[in-house]
Amino acid sequence: MQAEERFTYETWPAEPEKATLEAKNKFLGFWFFLGGETVLFATLFATYLALKDKVPSADHALAKDLFEIPLAFAATMLLLTSSLTSVYAMYHMKNFQFKKMQLWLGLTVALGAAFLGLEIYEFNHYVHQFGHTFTSSAFGSAFYTLVGFHGGHVAFGLLWITTLMIRNSKRGLNLYNAPKFYVASLYWHFIDVVWVFIFTVVYLMGMVG
Amino acid sequence: MSTYAQKKGFGATLWDYLTTVDHKKIAILYLIAGGFFFLLGGLEALFIRIQLAVPNNDFVSAGFYNEILTMHGTTMIFLAAMPLVFAFMNAVMPLQIGARDVAFPFLNSLGFWLFFFGGVFLNLSWFLGGAPDAGWTSYASLSLTSTTHGIDFYALGLQISGMGTLIGGINFLVTIINMRAPGMTYMRMPMFTWATFVTSALILFAFPPLTVGLFLLIFDRMFGSNFFNVANGGNTIIWEHLFWIFGHPEVYILILPAFGIFSEIFAIFSRKRLFGYSSMVFATILIGFLGFMVWAHHMFTTGLGPIANAIFAVATMAIAVPTGIKIFNWLFTMWGGSIKFSTPMLWAVAFIPSFVAGGVTGVMLATAAADYQYHDTYFVVAHFHYVIVGGVVFALFAGAHLYWPKMFGTMLNETLGKITFWLFLIGFHLTFFIQHFLGLMGMPRRIFTFLPGQGLETGNLVSSIGAALMGVAVLVLLVNVVTTTVKNEKVGNDPWGDGRTLEWAIASPPPFYNFKQLPLVRGLDAYWLEKMEGKKGMTPAEPIGDIHMPNNSFIPFVLVLGLFIAAFGTMYHAETSWGLPVLILGMAVTLGAMFVRSIKDDHGFHIHKEDLIDDDKDKGVKA
Numbered sequence: 001m002q003a004e005e006r007f008t009y010e011t012w013p014a015e016p017e018k019a020t021l022e023a024k025n026k027f028l029g030f031w032f033f034l035g036g037e038t039v040l041f042a043t044l045f046a047t048y049l050a051l052k053d054k055v056p057s058a059d060h061a062l063a064k065d066l067f068e069i070p071l072a073f074a075a076t077m078l079l080l081t082s083s084l085t086s087v088y089a090m091y092h093m094k095n096f097q098f099k100k101m102q103l104w105l106g107l108t109v110a111l112g113a114a115f116l117g118l119e120i121y122e123f124n125h126y127v128h129q130f131g132h133t134f135t136s137s138a139f140g141s142a143f144y145t146l147v148g149f150h151g152g153h154v155a156f157g158l159l160w161i162t163t164l165m166i167r168n169s170k171r172g173l174n175l176y177n178a179p180k181f182y183v184a185s186l187y188w189h190f191i192d193v194v195w196v197f198i199f200t201v202v203y204l205m206g207m208v209g
Numbered sequence: 001m002s003t004y005a006q007k008k009g010f011g012a013t014l015w016d017y018l019t020t021v022d023h024k025k026i027a028i029l030y031l032i033a034g035g036f037f038f039l040l041g042g043l044e045a046l047f048i049r050i051q052l053a054v055p056n057n058d059f060v061s062a063g064f065y066n067e068i069l070t071m072h073g074t075t076m077i078f079l080a081a082m083p084l085v086f087a088f089m090n091a092v093m094p095l096q097i098g099a100r101d102v103a104f105p106f107l108n109s110l111g112f113w114l115f116f117f118g119g120v121f122l123n124l125s126w127f128l129g130g131a132p133d134a135g136w137t138s139y140a141s142l143s144l145t146s147t148t149h150g151i152d153f154y155a156l157g158l159q160i161s162g163m164g165t166l167i168g169g170i171n172f173l174v175t176i177i178n179m180r181a182p183g184m185t186y187m188r189m190p191m192f193t194w195a196t197f198v199t200s201a202l203i204l205f206a207f208p209p210l211t212v213g214l215f216l217l218i219f220d221r222m223f224g225s226n227f228f229n230v231a232n233g234g235n236t237i238i239w240e241h242l243f244w245i246f247g248h249p250e251v252y253i254l255i256l257p258a259f260g261i262f263s264e265i266f267a268i269f270s271r272k273r274l275f276g277y278s279s280m281v282f283a284t285i286l287i288g289f290l291g292f293m294v295w296a297h298h299m300f301t302t303g304l305g306p307i308a309n310a311i312f313a314v315a316t317m318a319i320a321v322p323t324g325i326k327i328f329n330w331l332f333t334m335w336g337g338s339i340k341f342s343t344p345m346l347w348a349v350a351f352i353p354s355f356v357a358g359g360v361t362g363v364m365l366a367t368a369a370a371d372y373q374y375h376d377t378y379f380v381v382a383h384f385h386y387v388i389v390g391g392v393v394f395a396l397f398a399g400a401h402l403y404w405p406k407m408f409g410t411m412l413n414e415t416l417g418k419i420t421f422w423l424f425l426i427g428f429h430l431t432f433f434i435q436h437f438l439g440l441m442g443m444p445r446r447i448f449t450f451l452p453g454q455g456l457e458t459g460n461l462v463s464s465i466g467a468a469l470m471g472v473a474v475l476v477l478l479v480n481v482v483t484t485t486v487k488n489e490k491v492g493n494d495p496w497g498d499g500r501t502l503e504w505a506i507a508s509p510p511p512f513y514n515f516k517q518l519p520l521v522r523g524l525d526a527y528w529l530e531k532m533e534g535k536k537g538m539t540p541a542e543p544i545g546d547i548h549m550p551n552n553s554f555i556p557f558v559l560v561l562g563l564f565i566a567a568f569g570t571m572y573h574a575e576t577s578w579g580l581p582v583l584i585l586g587m588a589v590t591l592g593a594m595f596v597r598s599i600k601d602d603h604g605f606h607i608h609k610e611d612l613i614d615d616d617k618d619k620g621v622k623a
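Residue numbers (UniProt numbering), protein chains in the order written: chain A, 1 to 209; chain B, 1 to 623.
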């Protein structure tokens, strides 16, 4: 069977993520899925912008009181770097260097986990220092939904990439699992891009009021 | 690995359908489940009309009436029309492009079970404290104050079934782009395939806003958030926007496949090439595009201001242009054709004036200033039933008669089919035409009764009589289905005799791998071209070889079952101690199913060349 064929560096195709019909379908289908996800996040952004700073009374914290650039910047750097490491992983995937790919994916997961840790710390901070919770105001609901949806995507991505790494650790690359690694990295880039918008719309625009 | 079973017991057949990934069987599942919900929604409609037949009626209480009308709309749109459209897309589209299956057979099955369990969940509300009662639009100010769990059933049930639709849309898009047979260029695709393509794109971009809207509703009702709670800074207009950003494309998601089915029917039974094929493709794409630009015409009275209203009014009226292109192309297809008035053709011919009437009232409603007068009256009810029943439901009936032989290998009775048609057509116009005038006389929609002496008695009685006729028509169709199935007279490849596209070139029903050899497509209406050159079938584009097929899987069922369980946990977590554990258990089942799917390799299997040459075993199904 084509998908199970054993490959060497010499016989590995140039675009292993699109070498079989199943892989082509997966590749294209995943792009469409990301298109739908884009609309999903766009809707969440619109909701956030409509409800930003909408609180029941004056004693609730607003965006300008909550957000601090150093923390958001550190989180941004972690996630942007993890996107870069996933690019290196895919570079090695295309060159049939399984060990190196696993190494870079491992780094990606570690950076993603650090990002998630920062986000949990951040949410905890808002809840306990400012009383800014999911139920305290419409602003709180919209903020935690938008950023939380993104965080949920990060968590799912971590589980996904880790599962792929463990499942395939013994058998190396073939045309069956190469597209799986590839779409997982596409997903990872996508949540990185979403974060760039969150950083801009939620944090930077939040700081300037 | 592949064994061919001949005769199977009930248990084996059931298991086969629970695990199937074959697009043709999934189409049958969609047809049965969608048909069941259609009967349910129809029953609810009849209850509505009985209640409104005479003034001051007390057939149902006011509260129960709210539940019936909400469930009628929700069921008909989400659980009847959409799945029935999906049934035909699944049954026909892969055959029309010369593919052996859809791009993601596993996801196809997953999509069906999501829809099915979502629908079951929604309808369980009848037995668990009351159905949703805030209308199918479930506007947030109303839905937040509803005291039963009805709205929770609505939000969670639609969330589950909506995911299924989204998955289906992606699946069809990839199938059409990647899996067309050799020579099947985009501009040689049958109109129904084009309609499926554009519809799927609409689904991809229209369903995520609904997903978000439903999440916000779920969070507000079950997790204490404040999106629509004005006292805490929320804004109920957000729900209206999100719902209609989804809701308006949704009506095109329903009507475009209907247009596709009618385009096939007009060409087949006029025995003529579809007039203006390329302009039909263009019009379909344009309608799909404009469909996203008009959602606020549902909100003219919300108070968005004259500029927003004017823009959305003009955009709405613009849709009449591509729709008009289509209407004229269908008329010109019939012009000079050798027309055969079969049952599907009758539906198609009746569709044109009925749908145009709905379109004309649509343009009336699009006039924002005048809309203040029509808004929330029976005029609106008449309008959308003219387009949805006169467009979509007519197409579903027409499609059922047209594709029945391709799906089941046997023809529905033509006489009974024509009786169904005439009863339904007369009943339909009787029910809804007069509602225009009831609306103009000021009868508001969604009221559970009306007073005598206001000039509304006759109109409502006539409307109710019409509804009864439609009910009888559906019963005749059911009789037709049963007798046809019992008789089971098998038909050949091309039972209508004038099939034009690839699905008519292969057996009815097709073997599970569809095409033994992929066909070579030499132009639009590929099969018709070959027939006109005196050939019996398609020219193969490849030698007979091994065919790669996907394995059946029970994982989709389990995955969705997890979500179904989790939905109960979500709903009851605030008031019971078992809610949260059940929510976690359900999600664990779902994630576990995803995990198993991820780590277990599924390479499918091959049908070997030798088995294919032995044609007799075609009908068997892999165990």
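Incorrect hints may have been included.
Claimed, not checked - Calculated from the model, a selection of chain B residues having no Cβ within reach of chain A, i.e. all distances over 10 angstroms: (1) Ala231; (2) Gly336; (3) Phe384; (4) Leu478; (5) His573.
Unchecked claim - Calculated cross-link-like contacts (lysine-lysine; reagent style BS3-like; alpha-carbon spacing at most 27 angstroms): (6) A:Lys26 - B:Lys418; (7) B:Lys600 - A:Lys99; (8) A:Lys94 - A:Lys24.
Stated by the list, open to error - Example chain A residues on the side facing chain B (calculated, C-beta under 7 angstroms, incomplete): (9) Phe32; (10) Phe33; (11) Leu34; (12) Gly35; (13) Ser57; (14) Ala58; (15) Val196.
Just so you know, these hints were derived from the structure itself, not from any lab.
Just so it is clear, CB atoms sit at the ideal spot from N, CA and C, and this is done for glycine as well.
Each hint tested on the structure:
Residue placement check: B:Ala231 does not keep its beta carbon more than 10 angstroms from all beta carbons of chain A (closest about 6 angstroms). Against chain A, the non-interface label of B:Gly336 holds: every CB pair exceeds 10 angstroms, the least being about 41 angstroms. Its beta-carbon lying about 25 angstroms from the closest one in chain A, B:Phe384 satisfies the requirement of being farther than 10 angstroms from that chain. Distance check on B:Leu478: its Cβ is at least 37 angstroms (rounded) from any Cβ of chain A, clearing the 10 angstroms threshold; non-interface status holds.
For B:His573, the condition that its CB be more than 10 angstroms from all CB atoms of chain A holds, with the nearest at approximately 14 angstroms. Using a Cα cut-off of 27 angstroms, the hinted pair A:Lys26 and B:Lys418 is violated, with the two alpha carbons roughly 45 angstroms apart. Distance restraint check for B:Lys600 and A:Lys99: the Cα-Cα separation of roughly 22 angstroms lies within the 27 angstroms cut-off, and the hinted pair is therefore satisfied. Note on A:Lys94 and A:Lys24: the hinted pairing holds, with a Cα-Cα distance of about 15 angstroms set against a maximum of 27 angstroms.
Look at A:Phe32: its Cβ gets to within about 5 angstroms of chain B, closer than 7 angstroms, so that hint holds up. Interface hint status for A:Phe33: upheld, as the beta-carbon distance to the closest one in chain B is roughly 6 angstroms, under 7 angstroms. Hint status for A:Leu34: violated, given a least beta-carbon distance of 10 angstroms to chain B, over 7 angstroms. Interface hint at A:Gly35: satisfied, since its Cβ lies 6 angstroms from the closest Cβ of chain B, which is below the 7 angstroms cut-off.
At its closest, the beta carbon of A:Ser57 sits 9 angstroms from a beta carbon of chain B; the interface hint therefore is violated under the 7 angstroms criterion. About 12 angstroms separates the beta-carbon of A:Ala58 from the nearest beta-carbon of chain B, more than 7 angstroms, and the hint is not met. At a threshold of 7 angstroms, the smallest CB-CB gap from A:Val196 to chain B is about 19 angstroms, leaving the interface hint violated.
Comparing the model with each earlier hint shows violations of hints 1, 6, 11, 13, 14, 15; every other hint is respected.
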